[in-house]
Every structure is written in structure tokens, then in C-alpha cells.
Amino acid sequence: MVFGAILAGGVGSRMNISDMPKQFLNLGDKPIIVHTLEKFRLCTRLDHIYIGVHPDWLTHMNDLIKKYIGECDDVHVVAGGGDRNSTIFNIIDDIEKNFGENDENIIVTHDSVRPFVTQRMIVENIDAAEKYGAVDTATSAIDTIVESDDGEFIKAIPERKKMYQGQTPQSFKISLLKKLYGELTSEEKATLTDACKICIVKNQPVYIVEGEISNIKITTVSDYKIAQAMVGGVKN
Amino acid sequence: MINYVYQLVSPKVFSVKYTDIDLNADRVIIRPNYMALCHADQRYFLGQRDIKVLNKKLPMALIHECCGIVEYDPTGTFKKGQKVVMIPNTPIRKNPVIFENYDKGTYFLSSGHDGFMREFVDLPPDRVVAYNGVPDEIAAITEFVSVTVHASTRFDLAGHKNRDSIAIWGDGSLAYTLANVLKLRFPESKIYVVGMDSRKLSHFSFVDGTYFSNNIPEDFHFDHAFECCGGEGSFYAIDDIIKYINPQGTVTLMGVSENKVAINTRDILEKGLTFVGSSRSGRADFEKAVELMETDAFQKRINKIISVDTPVKSIKDIIKVFGDDLTTPFKTVFKWDM
Numbered sequence: 001m002v003f004g005a006i007l008a009g010g011v012g013s014r015m016n017i018s019d020m021p022k023q024f025l026n027l028g029d030k031p032i033i034v035h036t037l038e039k040f041r042l043c044t045r046l047d048h049i050y051i052g053v054h055p056d057w058l059t060h061m062n063d064l065i066k067k068y069i070g071e072c073d074d075v076h077v078v079a080g081g082g083d084r085n086s087t088i089f090n091i092i093d094d095i096e097k098n099f100g101e102n103d104e105n106i107i108v109t110h111d112s113v114r115p116f117v118t119q120r121m122i123v124e125n126i127d128a129a130e131k132y133g134a135v136d137t138a139t140s141a142i143d144t145i146v147e148s149d150d151g152e153f154i155k156a157i158p159e160r161k162k163m164y165q166g167q168t169p170q171s172f173k174i175s176l177l178k179k180l181y182g183e184l185t186s187e188e189k190a191t192l193t194d195a196c197k198i199c200i201v202k203n204q205p206v207y208i209v210e211g212e213i214s215n216i217k218i219t220t221v222s223d224y225k226i227a228q229a230m231v232g233g234v235k236n
Numbered sequence: 001m002i003n004y005v006y007q008l009v010s011p012k013v014f015s016v017k018y019t020d021i022d023l024n025a026d027r028v029i030i031r032p033n034y035m036a037l038c039h040a041d042q043r044y045f046l047g048q049r050d051i052k053v054l055n056k057k058l059p060m061a062l063i064h065e066c067c068g069i070v071e072y073d074p075t076g077t078f079k080k081g082q083k084v085v086m087i088p089n090t091p092i093r094k095n096p097v098i099f100e101n102y103d104k105g106t107y108f109l110s111s112g113h114d115g116f117m118r119e120f121v122d123l124p125p126d127r128v129v130a131y132n133g134v135p136d137e138i139a140a141i142t143e144f145v146s147v148t149v150h151a152s153t154r155f156d157l158a159g160h161k162n163r164d165s166i167a168i169w170g171d172g173s174l175a176y177t178l179a180n181v182l183k184l185r186f187p188e189s190k191i192y193v194v195g196m197d198s199r200k201l202s203h204f205s206f207v208d209g210t211y212f213s214n215n216i217p218e219d220f221h222f223d224h225a226f227e228c229c230g231g232e233g234s235f236y237a238i239d240d241i242i243k244y245i246n247p248q249g250t251v252t253l254m255g256v257s258e259n260k261v262a263i264n265t266r267d268i269l270e271k272g273l274t275f276v277g278s279s280r281s282g283r284a285d286f287e288k289a290v291e292l293m294e295t296d297a298f299q300k301r302i303n304k305i306i307s308v309d310t311p312v313k314s315i316k317d318i319i320k321v322f323g324d325d326l327t328t329p330f331k332t333v334f335k336w337d338m
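So the sequence lines, in the order shown, correspond to chains A and B. Numbering of the first sequence is given in the numbering used here, commencing with residue 1 and proceeding in unit increments. Numbering of the second sequence is given in the numbering used here, commencing with residue 1 and proceeding in unit increments.
Keep in mind that a hint or two might mislead.
Here are the simulated DSS-like cross-link-like pairs (lysine-lysine), alpha carbons at most 27 Å apart as the crow flies [claimed, not checked]:
(1) B/K17 <-> B/K52
(2) B/K316 <-> A/K162
(3) B/K313 <-> A/K161
(4) A/K131 <-> B/K56
(5) B/K56 <-> B/K288
(6) B/K79 <-> A/K66
(7) A/K131 <-> A/K179
Hints are computed from structural coordinates only; laboratory data are not their basis.
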């Protein structure tokens with residue numbers, strides 16, 4: 001089976017414009033996370049969709065589903081963990097509790113605040129996860145990337161054509177992700193910034209699906225304004 | 001849900017418009033699967049329309065020939081996963097006299113309104129027709145087939161009953177598809193095709209005769225005719241048709257010309273000819289087209305004029321497919337993976 005996993009565990013600390021986590025802010029006529037959920041629900045390759053939400057916002061998320069989607073048995077809301085990977089593993093725990101373990105099960109993880117994801121990206125993630133086991137979505141870097149250890153002086157300027165900017169979805173065979181994560185030391189776990197890094201640390205090849213520049217992550221006030229402009233501005 | 005609409009903003013330049021689709025509206029949500037290019041799309045892409053027309057109609061998503069897969073239907077008309085063709089013609093009312101494709105207020109997707117180059121298409125259920133047993137790359141040109149079905153219906157309604165012979169001027173995709181439809185709908189009639197390109201004319205193996213337009217026998221006569229040339233060829237085609245057609249014949253005009261075409265009205269009057277303009281199609285034509293396309297022989301013949309290009313996964317691929325279309329003799333079809 002193929003499971004979508006929309007990660008919405010954050011509480012919006014970088015936005016500073018609202019007490020509400022950014023995924024719940026409106027984009028056009030509905031919350032950002034509803035746009036993302038609707039895009040996932042239209043993908044016929046996904047059997048069930050999970051949403052990992054901060055425990056304080058579980059009820060709110062369920063209310064949104066009721067309001068915008070209605071009764072549905074393919075969407076499941078679970079409590080997120082302390083960080084991104086904990087949220088993913090909370091979702092995996094629930095998947096295996098409800099649907100059992102299967103080596104072929106795939107999870108397509110995605111940031112709730114990337115509502116501009118396309119069907120192509122989702123479908124290519126699923127296809128590549130079936131074939132390679134681990135998939136990231138990325139776009140070629142447009143700006144030159146500079147590396148610095150101290151934030152004051154450049155240490156290196158990597159060759160731009162080898163640089164990509166990571167997005168989501170990130171997709172995995174669940175069994176592979178669990179196995180690799182289980183092999184990590186505490187020190188290695190402390191270095192993780194996303195799920196693909198679990199694979200990289202353990203030398204598991206990760207296939208790259210081409211993302212889109214438009215697949216922005218709405219993290220800051222500027223991102224939010226850009227996203228609003230992309231869908232035609234703010235409606236009064 | 002945010003939807004990607006791939007609009008032509010100026011000749012050869014595409015940009016994305018993001019729109020919000022309301023999934024709770026009474027509209028069927030369809031994922032485009034295969035698309036086909038039409039001369040009209042190509043003219044917009046190349047900027048071969050009048051500058052005033054381009055300024056008025058762009059930005060706009062192109063493509064009006066498309067089949068897809070139903071992803072969601074709150075109206076309950078279609079099942080999830082049902083393969084369908086989409087009707088670009090959009091009437092705003094029911095008119096018992098005038099065909100929906102000519103009625104006032106009717107608009108057309110990919111002419112002033114966004115066509116099917118979108119991530120998802122949302123349509124009212126009556127603008128969607130299900131198909132079964134037709135390969136997707138052939139189903140992509142259902143709209144094109146429906147246009148010839150419509151023309152044959154217009155002829156059937158207007159033409160007198162002497163239908164021993166029907167001539168088609170033109171040797172392109174439109175003429176080829178129309179010849180197939182006429183063969184099926186009027187099996188007693190002899191079908192002749194007049195063209196210029198020997199390679200294209202050689203495809204018309206199922207008709208009763210083909211002629212080169214520069215070498216038409218003087219004793220060539222027929223009861224009715226269809227003009228499928230358009231452009232600069234319209235003038236010569238119409239002139240020849242008037243010359244060779246039997247009295248009181250019906251001439252169905254299907255070719256689009258950017259410029260006004262001079263016509264020999266003296267001989268039209270003398271022969272008592274009827275001219276019928278035929279353009280686009282409606283739901284009934286789509287239903288009939290799907291019925292024809294579900295037959296094996298029709299599919300095999302139509303398959304001969306389809307060139308399947310590489311799948312389109314990016315705006316760069318869209319531009320490539322338009323370029324490729326200029327080098328294919330008939331219809332260019334491609335998988336839509338955007």
C-alpha cells in the first residue's frame with residue numbers, strides 16, 4: 001500500500017504574525033494544509049493519507065477536515081512528535097497498527113506548508129520509491145551556494161551544477177526507512193535535519209525527483225505573501 | 001486545491017497560473033492523460049494570429065483535444081478512475097433549434113478561455129463523455145473526430161438525397177478523419193479525395209478514388225463536397241469544387257482561413273449550390289465519435305495518422321512538442337505528465 005504523510009507538527013515559530021501555526025493560515029479561501037491535503041487526496045495512487053499534527057492542534061485539524069472535506073475514511077490524523085522524524089515514525093506506527101507491516105509499503109512524506117506540490121511530483125515519488133526505496137524531491141540550485149563554518153567568511157564555493165535545493169515529497173519504503181533509522185547511533189540521529197538524511201548517513205542511495213521552483217515552503221511572512229500573490233492575492 | 005494552468009503568454013512563451021479549484025462544486029475533476037495538437041493551437045504558439053487577436057486572447061492555456069481520468073466527482077456521475085474525453089465547447093443555455101456549438105454565448109476552451117493544458121481540469125458532468133475500449137492515444141483526438149461527425153450531420157440535414165458521390169478537398173488529418181466518418185455513415189456513397197501531397201494521399205486506401213488537385217479529370221463530377229483545406233488553399237479548393245460539383249450540391253466548409261476568401265458566386269447561383277459552414281462540435285457529436293472510435297476498423301485507420309511524441313513533463317517539453325508537431329504529417333499526440 002502507499003501512504004501519504006503530511007507533516008504538520010510545527011507551531012509556526014518563524015512566522016511571528018499569528019498565534020496559529022502557518023499551515024492553518026488561509027491561502028485564498030481555505031487553510032494552506034487543506035490545499036495540500038486536497039492535492040494528495042486526488043492522487044489515485046495513494047491508498048490512505050496521514051496528517052501528523054502538533055498534539056495541541058489535533059482537534060482543530062479534525063474540525064478542518066470535517067468542514068472542508070467532510071466524512072472520509074482515507075484521512076487519518078495522528079499526533080506529531082518532537083521533531084520531523086519523530087512525527088514520521090508516529091505515522092508509521094499508526095500505519096502498521098492499522099494496516100500491518102509489509103515490505104512493499106511506501107510512505108510519501110510531505111511538508112504541509114508546500115501546497116503547490118503537483119501530481120507529477122507525487123506520482124514520480126511513488127514510482128521511484130517502488131524502484132529505489134528512497135526518494136527526495138529537489139530543484140537545481142539557481143543561486144551560487146557558498147559554504148561557511150562561522151557565518152563570517154566563505155570556506156568553499158561548491159560547483160553550482162552539482163548543487164540542488166531539497167524540497168518535498170520525500171518517499172521511502174517503510175521497511176527500509178525503519179531499518180536504517182534503527183541502525184543510527186544517538187549522535188547520528190542528532191545530526192538529522194530530514195528523513196532523507198537517514199539514508200545518506202547509512203549510505204543508502206536516494207533518487208532525485210525533479211521539483212518545481214513554485215513548490216515553495218511557506219515558512220516566513222515573505223513566503224506567505226508570495227504564495228498569496230501566486231493564487232491571485234488576498235480576497236476581501 | 002491549488003491547480004497549475006500552463007498558459008501561453010506570448011508566442012512560444014509559457015507561464016503558470018495558479019488557480020484554486022473548489023472540490024465541493026458540482027464539477028468533475030479530471031486529470032488530463034493524453035492530448036493532441038490542433039492547427040489552431042499551433043497558430044497561437046507560433047504567433048500566426050492577428051496581433052489584435054493574440055492581445056485579446058492571451059494569456060491562455062492551449063489544447064482542446066484531450067482525454068483524461070476522473071479523479072473525483074462530487075456529482076456521482078462518473079466513477080473514480082473512469083476514462084473520459086472532455087468537451088471544450090461550453091454552452092450557457094439549452095437551445096432546441098440551434099446547435100450548441102453555434103449558439104450565442106457559447107464559449108470554447110482554448111479560444112479566449114483556458115484550454116486543457118492544466119494539472120487538473122474541472123468540468124460540469126455534461127461536458128464529459130466516458131469511453132471504454134479505445135486506446136488512450138486515439139481517444140485523445142476524440143474532439144477532432146467529433147468535428148467531422150458534426151460536419152457529416154450538418155451535411156445530412158442540408159444535402160439533397162442524391163448522394164452517389166461525395167468529394168473531399170484536402171489530404172490532411174481533417175480530410176482523412178472525415179473520409180473515415182463518411183464511409184461509415186454513408187456506406188452507399190462513393191468517396192473521393194482531392195489533394196496535393198502524394199505521400200498523404202496514399203494513406204486514403206479505403207476511399208473510392210484520389211486525385212491530384214493540379215490534375216483533375218474534366219469528367220470528374222460529384223453530388224456533394226467538403227472543403228478541408230483552409231488557409232491559402234481555401235480559395236483554390238472552393239473554386240474547384242464549384243467548377244466540378246453537380247447542380248444543387250451541398251458544399252460543407254470546414255477549413256479555417258485567416259483571410260477573406262473570394263468566391264465565384266455567379267456559378268454558385270447558376271448551379272443552385274448550398275454552402276454550409278461547419279465548425280467545432282457538441283455533446284451529441286462526441287457521443288457519436290466515441291461510438292465510432294470503439295470499433296476496431298475505425299481505430300486502426302485513425303491510428304495511422306497519429307504520431308505519439310515523448311511525454312510532456314515540463315514547460316520545456318511543451319515547447320518541444322509544438323516544435324515536433326511542425327515535422328509530423330498528421331496529428332501529434334502526447335502523454336501529459338505535468
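### Message
Check the structure against each numbered hint from earlier and tell me which ones fail, lowest number first.
### Response
As far as the earlier hints go, 4, 5 are violated by this structure, in ascending order.
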